[in-house]
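Given next are the chains, with one letter for each unit.
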Amino acid sequence: MLRYKSLLSNLARRDFLVRYKQAFAGIVWALVKPLVSILVFGYIASKINSSESTARNFLYVASAMLLWQLFANVFNEVSNSIVGNANLFSKVYFPKIIIPLSTLLVCLVDFLISLLILIALFIVAGEPVHWQMVMAPLFILLTLINGFGIGLYFATVNVKYRDVKFVVPVLVQFGMYLSPVIFPTSYYLERLPSWLHWVFCLNPMVGAIDGFKYCLFGGEAIGNPQAFALSVAVSFLFLFIGIRYFFKFERSFVDYI
Amino acid sequence: MSKEPIIEVRDLSKHYVLNRHAGPKSDTLYGSVLGAVKGLRQLGRARETEEFWALKDVSFSVQRGDRVGVIGRNGAGKSTLLKILSRITPPTSGHIQYSGRMASLLEVGTGFHGDLSGRENIYLNGSILGMNKQEIDKKFDEIVAFSEVERFLDTPVKRYSSGMYVRLAFSVAAHLDPEILIVDEVLAVGDAAFQKKCLGKMNEVSKSEGRTILFVSHNMQAIQKLCNKGLYLNKGRMHSYGDIDDIVGHYLQSGEASQAEFTLPLPETESFGYAHTVFIEDLQGRPLVEIPVGDDWRARILFRILKPTPHFIVGFGIVSLFEQPIRTSWSAPEDFQPGDYEIIFENTDLMLTTGVYTVVIGLSSEQKTFQYVDKTVSLSISDAGDTSHNKRIVNTQSGLILNPMPVSLRKL
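Chains as they are written, first to last, in my numbering: chain G, 35 to 291; chain F, -5 to 406.
In case anyone wonders, no lab produced these hints; they're calculated from the structure.
Hints are supplied without guarantee of correctness; some may be wrong.
Unchecked claim - If you anchor each label on the Cβ, the simulated ranges turn out as follows:
id, chain 1, residue 1, chain 2, residue 2, range
1, G, 78, F, 361, 44 to 50 Å
2, G, 278, F, 336, 39 to 45 Å
3, F, 395, G, 120, 42 to 48 Å
4, F, 51, G, 63, 51 to 57 Å
5, G, 51, F, 51, 43 to 49 Å
6, G, 120, F, 69, 36 to 42 Å
7, F, 95, G, 283, 25 to 31 Å
Glycine included, every Cβ here is placed at the ideal spot set by N, Cα and C.
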């Protein structure tokens, strides 16, 4: 695996370079999409959820939205990574997992750039620094795990059934409304009948987003701990399924593409 | 040196299943659900599948330092064998044992990205071929020098000429340092001088550094020069394996070394009709397995029309092995009724230099192409010794197109 380290970094470099070549504003574009979503949904949230201040609403939406977009990017890009790079592994042998991994790296770099927005918002709103913030990377990692696990599963299915590329954007769009992105988990739980609570928490992004907010806002805003634990367990289950499924069919990808 | 083989191949087979059932395509989720439902209703009726052994029971062993040329006509299983040996696709059954680091070169410039500069592509392509950063750093200058593109190193390769592109791509590959090198017909690209340089480089590394090479080519001369052993495949089976001169001899005597008649793959979806056979022949209709350089030739295409086809056009193109279209011609649009037809494209004016070219054939109705065939039909233009009968050709190395320009010269 170590032998393929430079392949991994070169593929990630390629994707990154190619995206912003010939774009006059270059890397600034990585900031535009999250910024627009934050403005739109932050505005909506502050109109509807009057129990929090406007600034808080915006900060909640910004932190959840960035994490969600990380998940959505990883999920979408990993799902398409194998089919999109078929020209490589139909001509050269290397462990195919390198391709989704390099995709993951690119998404992470994009996310780190977009974190600048969040930092700026925190400074503007005068949000205090909490010690819990040091744990935030754990939930970024959890988000990567979510996107990667589910993405690998879809990447494998995509090799044979190209419908996947139409399904994924739909799932991402719906998923956002079923995750605590615009409103906090408590907002959903209060409005859902109690028997639906655990269904809501089967969504692996519930745990990641709640945990991330918990860290950023110093122990506030987490839903209930059981729901959180269930959601995190689902994350790892999906990762396990995704990886197993990928490696089971990896060898025969070339014959189907 | 040990007598232990560096590659040991035993009973290698590869089997493909071709689905030829009329009905929803099964490569979309929707299609396969639909297919399953239909299948339930047709339970008991045999499904139309065709089995196809791309390779069957191939066994051989390669000693360290051997240079093995793999020969056989199109569809004999050469590419499948190389793909299995390079671990790109798994065999259906059989074993392979290696005892050395292996790299394969089935295409030059795998992963090259047009928007990246030459320098960036050297690193990208190098790492795809299995080199790490230190190795590429170490050989960087050598690679650049060999490719002769120093001045354009920081230009995106999409602005390169096709020749520069191939030279850069091959240069990276030529500096790979594996113990076993698997090479498909990549040398066929590039201009003659560069091909010669590449062959020289391969010769040098294999002979002086004792590298093991597996090499596929249709160029018997190149194979005999480079290889010491030959593996002759015929319809997926091993015909013979041994000393290169014997094997090339078998192959040439079998008369299948080249072909003048090509069967086209049938289109997957049903439509107005399809072209099925192409003959390459001289103007009198005699088959030409090799076209003497400068001579006239024609392509005769047989096609079948299944239902009335409005505004029907047949297109025929010649493409260089580096996928550069050279010329394309079209029939005049006409409405066609069902039946069998023949169309002839004559080449009487263009003289192409020696080499292998591929043919593109397209059938369309009302501007919509319903059959497109490429890389199935090849033209082999050869310098069959004597070109003196053709006064117009001075030198086959002078360019892709050998037709001279009108020249006028006078004293002022």
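Checked hints:
Range check, residue 78 of chain G to residue 361 of chain F: about 47 Å between beta-carbon atoms, so the 44 to 50 Å window is met. Judged by the Cβ atoms, the range 39 to 45 Å given for residue 278 of chain G and residue 336 of chain F is violated: they are separated by roughly 55 Å. The hint said 42 to 48 Å for the Cβ distance between residue 395 of chain F and residue 120 of chain G, and at roughly 35 Å that hint is violated. Distance hint check: the CB atoms of residue 51 of chain F and residue 63 of chain G are about 56 Å apart, consistent with the given range 51 to 57 Å.
For the pair residue 51 of chain G and residue 51 of chain F, the beta carbons lie near 47 Å from each other, so the given range of 43 to 49 Å is met. At about 22 Å, the CB distance of residue 120 of chain G to residue 69 of chain F disagrees with the hint of 36 to 42 Å. In this structure, residue 95 of chain F and residue 283 of chain G meet the distance hint of 25 to 31 Å, their C-beta atoms being roughly 27 Å apart.
Going through the hint list in order, the structure does not satisfy hints 2, 3, 6.
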